[in-house]
Structures are given as structure tokens and as C-alpha cells.
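Enquirer: Residues per chain, in single letters:
Protein chains: 2
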Amino acid sequence: MVVRGAPLIGCTAAYGMLLAAWETKTKSHTSSLKFIKQAANKLKSARPTALALSYAVNRMLTRAETAPPSEKGSDSILQALKSEADILFQEDLQANRKMADWGATLLPNAATVITYCNTGALATSGIGTALGVIRKAFHLGKIKKVYACETRPYLQGSRLTLWELMVENIPSILITDNMAAHLMKTEKIDAVLTGADRIAANGDTANKIGTYALAIQARHHEIPFYVVAPTPTIDLHISSGEEIPIEERSPAEVTQIGSQHIAPQRAQARHPAFDVTPHKLITALITEKGILQPPDSTSIAKLNGLK
Amino acid sequence: MVVRGAPLIGCTAAYGMLLAAWETKTKSHTSSLKFIKQAANKLKSARPTALALSYAVNRMLTRAETAPPSEKGSDSILQALKSEADILFQEDLQANRKMADWGATLLPNAATVITYCNTGALATSGIGTALGVIRKAFHLGKIKKVYACETRPYLQGSRLTLWELMVENIPSILITDNMAAHLMKTEKIDAVLTGADRIAANGDTANKIGTYALAIQARHHEIPFYVVAPTPTIDLHISSGEEIPIEERSPAEVTQIGSQHIAPQRAQARHPAFDVTPHKLITALITEKGILQPPDSTSIAKLNGLK
Chain A
1 MVVRGAPLIG
11 CTAAYGMLLA
21 AWETKTKSHT
31 SSLKFIKQAA
41 NKLKSARPTA
51 LALSYAVNRM
61 LTRAETAPPS
71 EKGSDSILQA
81 LKSEADILFQ
91 EDLQANRKMA
101 DWGATLLPNA
111 ATVITYCNTG
121 ALATSGIGTA
131 LGVIRKAFHL
141 GKIKKVYACE
151 TRPYLQGSRL
161 TLWELMVENI
171 PSILITDNMA
181 AHLMKTEKID
191 AVLTGADRIA
201 ANGDTANKIG
211 TYALAIQARH
221 HEIPFYVVAP
231 TPTIDLHISS
241 GEEIPIEERS
251 PAEVTQIGSQ
261 HIAPQRAQAR
271 HPAFDVTPHK
281 LITALITEKG
291 ILQPPDSTSI
301 AKLNGLK
Chain B
1 MVVRGAPLIG
11 CTAAYGMLLA
21 AWETKTKSHT
31 SSLKFIKQAA
41 NKLKSARPTA
51 LALSYAVNRM
61 LTRAETAPPS
71 EKGSDSILQA
81 LKSEADILFQ
91 EDLQANRKMA
101 DWGATLLPNA
111 ATVITYCNTG
121 ALATSGIGTA
131 LGVIRKAFHL
141 GKIKKVYACE
151 TRPYLQGSRL
161 TLWELMVENI
171 PSILITDNMA
181 AHLMKTEKID
191 AVLTGADRIA
201 ANGDTANKIG
211 TYALAIQARH
221 HEIPFYVVAP
231 TPTIDLHISS
241 GEEIPIEERS
251 PAEVTQIGSQ
261 HIAPQRAQAR
271 HPAFDVTPHK
281 LITALITEKG
291 ILQPPDSTSI
301 AKLNGLK
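Chains as they are written, first to last, in our numbering: chain A, 1 to 307; chain B, 1 to 307.
So here's chain A without its partners, still in its complex pose:
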């Protein structure tokens, strides 16, 4: 959890692959490749849910494997991986900007929005996914107020998102996750915006635990629910959300806040770190290539040029 946020996990893993190559720079091309493959497996197993991780590592691995053998140890691999990591970083940076441009068009003026977890500069290489859209819309004068859900148990909302919003002087109010439905009923909420860790080929979306609950509540109140994620988040190999692996993290993150116990000793707790929102609850998926409204097998296949 030193690095979190799917796109940033991807970028960091790319440079992790570069560091692995660096460790073997005095070795032969072959033994360097062998070590890099091991590093790839280790990196990919770090977090099971975010697709950006395996996407970035696989691209780096392919690039290493296709680098021409050089006489000076692993020099050509190093050069190739440096270039590929920089490309991945730049792609995410550009994707952030494009998603923000697309997404801001969906919001009305004087919008009050709810956002979840942290999807900003602390989760990506640029301005963010969902928070990038909010940032852009704010600079266009379209944001009146942002409700940031604290995002239990790890509190990415209160610890990271609120900080990002305050730094930018975006009017922001922290709420506990269970207050969102009450606000949807008692105030005018214009949209809910979240990121994604992995999206199935039919649009089902895995994201931080609690996202699914928000999507149900948004639907109940007929409020648009937008997922903002770059296309490397889409996993065409899985047909629906049921196949997405859900990481189960330590129950101590539920029973303690930092070192402070908030439950009785020996209390049992569950900690699924993600949940899956069925595509039918998602009003639109905002990618760097455009807006999928609604996201489903057809619109996703088209986006990827498969149909």
C-alpha cells in the first residue's frame, strides 16, 4: 500500500521492471532476461485485482524479450525498458487529460458530485481519473461542491482525496460512506464518479469495496453513476465481473485504525478490498478514447476495434 491506485500501480511496476533490468546490467542478455521474467511474476502477484499491473508488466516483458541481444551485457534491454516505461507513463498522463476532457462534458453547471476512494494525482501519473474529471470540471467553473466518501477501511477518501481537493481549493466536504444515500435523498446530487481497478468485457467493474453500494444507491435515486478509467483497465479475457479475482486483505485494517483498536480483541472481521458493480448500474464509462454510454459488450468491443 506504499503505492496504490490502479494506474499508478501500473506505472510503478513498469519502472520496477526497469530496476530489475538495472540489477542485471553486468550480466549476459540471456541471464538478464531470465531475471526480468522472475521479476515480472513477482510484480504481477503483488496485487491481484488491478489489471493495470499485469498490463504494464506484460508490455515491459514483451519489450525486453524483443530487444536485440547486445554484446555489452543487457544494455539493449535496459534501453528498451527505459523507453517503454516512459511511454507507459506518458500514455497514462495523456489518458488522464483526455478522460477529464470527456468527463467534464457530462456534468451540468454548478454540479454537486460524490466521489469515492482516491482517483487523483496520488493514484495516477497525472491529474487522475474520476478526480481528474472533477478537477477539469472545476476549472471550467462547473463544480459547486464535492462530497468525498472517507472510504473505509483504508480511508483513502479522507486521507488522500480530501487533501487533493483542498490543495486545489475545490469546495469539498468529507462524509462517511454510509451518508451518501441520505445526501442523495435530501440534496440535489448530480453525479457519482469513481475509478476502476478492472473492467470485464461486458462492462462489469471491479473497484474499491463500497463502490457497488454507491452504484445501487445512485440507481435508486436516478443519479448518473460514472466510472472513469483508461482502456488498459479493460480485461477482454474475462466476459463478466464474476471472473474478476477479489483481493481479501488483512482484517486488522478493519479492526484497527493505524495502531488504535476499534473492536474487541479477538473480534473476527472480513476485508474484501474490492467489489464488482454490474455494468447495468453504470450510466457511462469514461475512457481516454471516448465515452461508452452505456458500457456493455457491444460498446466495449467497438472501442477496442474488435467489431
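Only true hints are included.
No distinction is drawn between identical chains; accordingly, a pair holds when it is met within one copy or between any pair of copies.
Derived DSSO-like pairs: lysine-lysine, alpha-carbon spacing no greater than 30 Å straight-line:
id, residue 1, residue 2
1, K44, K185
2, K142, K188
3, K145, K188
4, K188, K280
5, K25, K72
6, K185, K142
7, K185, K280
8, K82, K37
9, K98, K82
10, K280, K302
Hints are computed from structural coordinates only; laboratory data are not their basis.
Use these hints to put chain B onto chain A, whose structure you have.
Expert: Frame of chain A; chain B shown alone:
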């Protein structure tokens, strides 16, 4: 928050009235009554949402006002109030048992249930409301597992409910509030059980913030949503939930856990302490007088013998 839980607030306020009378025991009947009326207003303004508070205080006040004047200062008032407070306590105790008996009949065998906030022995004078039902059902061998929501921001679930469940050896698992929807989708959940702070004449129910979100999620998954509350919770003077006053508590309870800050300094936060669940989302209201399925104007009027 030294005393919390609507029924327990009511019982405590009743004995609070008795203590007020005690303070005036050397005074005349008239000046004692005057002081008791002031105490009644002070007690009733302590918490705006729980109806049990004004219900208990008003009954005590009426009893004081109808006590025969005695020559020995406020002796007759003291006796009357001691008797009335004990009656209120016993009524709540009995109501707990009856609600548990009724409620347990609604649960299937080997039930997995979700409960919210604390509605047990730490919130009532007896075994509890929603937690009383769970306790009874467990002793009848009908409970397989209880998921207790932590109930942000005050964590009554993790701090109180889990403790009560563990003391009784009821299989219990703590979850953050935002995990409930994920469990409803991925496991077989048989019922959601909560208490209530105030119920309007049409069945709309004010309860701890987050209850409404759970009710929406239960409906989305077609899971029964049961409210367990004694009849003094029902406010026949208000026709719908929109008229129920919602207490706004300190934002510091959202931005801090105990003394530990979990949000940036100067972060703004909201803290509505309750929300209102429309009666249409409530499968049944379990009272000591019987089960209202569904709770609505008609069934509530009948229960109170008004039609």
C-alpha cells in the same frame, strides 16, 4: 453519548426526572413541580431524534402533575415518579422479550443476518430490539452467522455490538458499512435487522445514519429488511419521515477517531447522525404488540387502536 440507544435514552431520562424530583425533596409541592418541568425541558432537548426520550419524560411529567399535593414537601411526587420510572423500565424490558419472540419467528433456520449500529443490552433495558431478535433466534438454534456493520462514524457496531455478540458466543463477523452490499450479492443473506429512533405514522423510520443505505441495498437484492422497535418509538403526530428532526452532530466525529485525526487539518465534514428510511423499503416492523407487515398508515393506526 454516555447513554445512547433510543429505549435506553428513554429509561435513563425517566430516572433523570426522578433525580430532579429528589433534588427538590425539601421544597414545596408547587416549587418542586416547577423545577421538574424545567428538568423535563432540559432532558427533552438533549437529543432531538429519539422519540423514546420525550415519550418517557412526558409520561413522568404527567405523573408528577397528577400526584396529590402532600404536606411533606414533594414526597408524593417522588413516590409517583419512582413508581412511573420503574414501570417504564419494566415495560421496555417486557417489550424487548416480546419483540424477540415475534422477530425470531420471521427468520429461517441457519440464518445469516446483517445488523446495524447497536440495538442490544447496551441500548435498551433488556436484551435489545434488533439484537434481541438475533439473540432469541440464536438460542432457538436459528442463527448461523451475524455480520455486524461497524457503523461509522461512532463505531457502535464494532465497539458495542460485536462485544455483545462475542459475549454470547454468537458467531459474528465485523464488516465496514460499505461491505454489506457486496456480501448481499456474493453470499446468501437472509435478513437485515435494525432498530429505530422514531417512526412516523406512515411507517417511515429514522434510525442511525447508514440505515437508509442498507435498506436500499436490501431491496435491490430482495432481502427482507426488518425494523425492530417498541411502540413508544412511533410518533403519531407526524405523518411522514420528512417531518422527523435529524440531529447534526460534530464533524469532529467524522474527521477524528478518538483523538486521532484521519483527515487533513481544516477539512470540512458533514455529520447527520440519523437518516430516514421510507416505509416502502421496510419489509416488516416488529413491535411488542405484533408484526406489522408491511408497516404503513393503516397497519400502524390499527396497532394503536385508532381505527
